[in-house]
Amino acid sequence: MNTAPLENVPLDLSIEIGSLHLKNPVLAASGTFGYGREFAKVMDLSRLGGIVTKAITLEPRLGNPTPRIVETASGMLNSIGLANVGVAAFARDKMPFLRSCGTAVIVNVAGRSMDEYVEVVRRLSDCPGIHALEINISCPNVQEGGLAFGADPKVAAAVIGAVRSVTRLPVIAKLTPNVTDIVRIAEAVQEAGADAVSLINTLVGMAIDVVRRRPELGGVTGGLSGPAIKPVALAMVWKAAQAVRIPVIGMGGIMNAGDALEFMLAGAVAVQVGTANFVDPTSTIRIVEGLEDTLRERGMGSVKEIIGALEV
Amino acid sequence: MIDTKTTILHQEQIAPQIFRLRLLSPRIAREARPGQFVHLRIREGTDPLLRRPFSIHRVNRERGEVQVLYQVVGQGTRLLSRKPVGERLDVLGPLGHRFEVSEEGGGVLLVAGGIGIAPLVFLCEDLLRGHAVTALIGARSRDGILCHDSLRSGGVTVHIATDDGSLGHRGLVTDLLNAQLEAGREAVYACGPVAMLRTVSALCRAHRISCQISLESRMACGLGACLGCAVKVRSSVPPGYEYKRVCKEGPVFDAEEVIFDENLLSGH
Chain X
1 MNTAPLENVP
11 LDLSIEIGSL
21 HLKNPVLAAS
31 GTFGYGREFA
41 KVMDLSRLGG
51 IVTKAITLEP
61 RLGNPTPRIV
71 ETASGMLNSI
81 GLANVGVAAF
91 ARDKMPFLRS
101 CGTAVIVNVA
111 GRSMDEYVEV
121 VRRLSDCPGI
131 HALEINISCP
141 NVQEGGLAFG
151 ADPKVAAAVI
161 GAVRSVTRLP
171 VIAKLTPNVT
181 DIVRIAEAVQ
191 EAGADAVSLI
201 NTLVGMAIDV
211 VRRRPELGGV
221 TGGLSGPAIK
231 PVALAMVWKA
241 AQAVRIPVIG
251 MGGIMNAGDA
261 LEFMLAGAVA
271 VQVGTANFVD
281 PTSTIRIVEG
291 LEDTLRERGM
301 GSVKEIIGAL
311 EV
Chain R
1 MIDTKTTILH
11 QEQIAPQIFR
21 LRLLSPRIAR
31 EARPGQFVHL
41 RIREGTDPLL
51 RRPFSIHRVN
61 RERGEVQVLY
71 QVVGQGTRLL
81 SRKPVGERLD
91 VLGPLGHRFE
101 VSEEGGGVLL
111 VAGGIGIAPL
121 VFLCEDLLRG
131 HAVTALIGAR
141 SRDGILCHDS
151 LRSGGVTVHI
161 ATDDGSLGHR
171 GLVTDLLNAQ
181 LEAGREAVYA
191 CGPVAMLRTV
201 SALCRAHRIS
211 CQISLESRMA
221 CGLGACLGCA
231 VKVRSSVPPG
241 YEYKRVCKEG
251 PVFDAEEVIF
261 DENLLSGH
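Which chain is which? The protein sequence lines are X and R, in order. Counting from 1, one number per residue, gives the positions in the first sequence under my numbering. Counting from 1, one number per residue, gives the positions in the second sequence under my numbering.
Don't read these hints as lab results, they were simulated from the structure. All C-beta atoms, glycine included, are put in the ideal place defined by N, C-alpha and C. There may be inaccurate statements among the hints.
Claimed, not checked - Straight line, CA to CA, 27 Å or less: simulated DSSO-like cross-link-like pairs of lysine-lysine:
(1) R:244 to X:41
(2) X:239 to X:154
(3) R:83 to R:5
(4) X:41 to R:5
(5) R:232 to R:248
(6) R:248 to X:41
(7) X:304 to X:239
As the list claims (entries may be wrong) - Examples of chain X residues toward chain R, derived with CB under 7 Å:
(8) 34
(9) 38
(10) 62
(11) 65
(12) 67
(13) 68
(14) 69
(15) 71
(16) 74
(17) 80
(18) 226
(19) 227
Chain X on its own, in the form it takes in the complex:
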């Protein structure tokens, strides 16, 4: 291993996910980055590999009762409930800014029914400037749809197959960890035509105020994210990456470049950064810089050399 700094070696951080080209493998995760604009004040968005938007549904949604978040040990629970502006307002009001960011725009799609997923995907496919779609079959915080679509291999495959047939955009299936075997779901959506899988969404969790004998969240249960879930996420990404041919996008508690490297060694071609954006809004940029430093220090020309390089 060459540990001397090689300042002159051109670094290649780019990766491909099907027809989706990313300038680097660091994406901002859905639900933690709004529609991009909120973070433009504190960072240069064009340095990101991409932005995954807040989940978009057919109609606007108000979201869940409050309180919606609570901090837990090295993590947080959220019960936002897919609050969003709806696909029409998204395309009209949010896309112009996203289009101008100079980074890949991946739109997260959610629905109560198969028809809703299909209709949202159909409408987004007509909207210029979108590079890929992430199909959210894993939200733990809604009564209908969400996790229910991602917990059964047949249902997951049906949703992915249905949206696959109405769009040319790359389709990424976002998977839930709240299942017996995430590999079976990953394999099912691969067969249904997904171009990639992203995992993991949040783990169902709960916190209780013992004095008032009430749940801490208005939604009673919520989704656990942050460093607390990283080991679980890493194991699932590793298992999925071994089992499927399509690219795996890893996420779950990534706070720094070292965490990102762990996911990439386990087989993730790209990573998503979520809760870390709340702690330090420039986390994504720090991780890109950290990956660059690692490549330089190790004398590697391409980030692709890291992907799946775990020795077991």
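Starting from the structure of chain X, add chain R where the hints point.
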């Protein structure tokens, strides 16, 4: 990219569980307006993980100083209270929507419950330029009555209420409110426990006096992205309500729009 690093200039305990923190941040001192807040990262590491929001208590623009007045309520604030002078802190801000102050010079009323006095002192500096200011300050006991001396010396008429009667009126600060509102006020500004804000809002509505309240909420990003700090407000379209973000549209809200339901009362 904005610089978010600040240095602790001074920290002192001024009452049981109450601390005053002075930070060096010329940019925040210059840009901050009354009602806005700063979002502090208490420490590196993952526990506590999230930042903590604090309303801006005062600024000194000449010295580039920002003051935060806070109460130790949990792990994050306990760690903050032990921070030594000279330590660097990562601070986002100023964030959020300010108190609106009218140009007309009528009499205005401040209502503070406990640590809720914090943002009202900053507001007072603006108000005193053209308004006669009366402040109603309440707390459990005299130890919790904060800033009354400095407000008085600044020209504010101060009335105090304590639950145990150890200073001023024995009872709730809102007991003092009706008499003040009947005397007529141009505007009321309030910050404190949600139950207090609910009473203040109801009385202001009954007297048809405009009222702005500053709300607290658990908060993650502070930038308007995560929707975690949502508060339910009235809406003219079905179902008759919507959610606004404490970090963005707030923390200052028109009292008329806020829905004081069980969720709001229990969440704070």
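### Query
Which earlier hints can't be squared with this structure?
No hint contradicted; all consistent.
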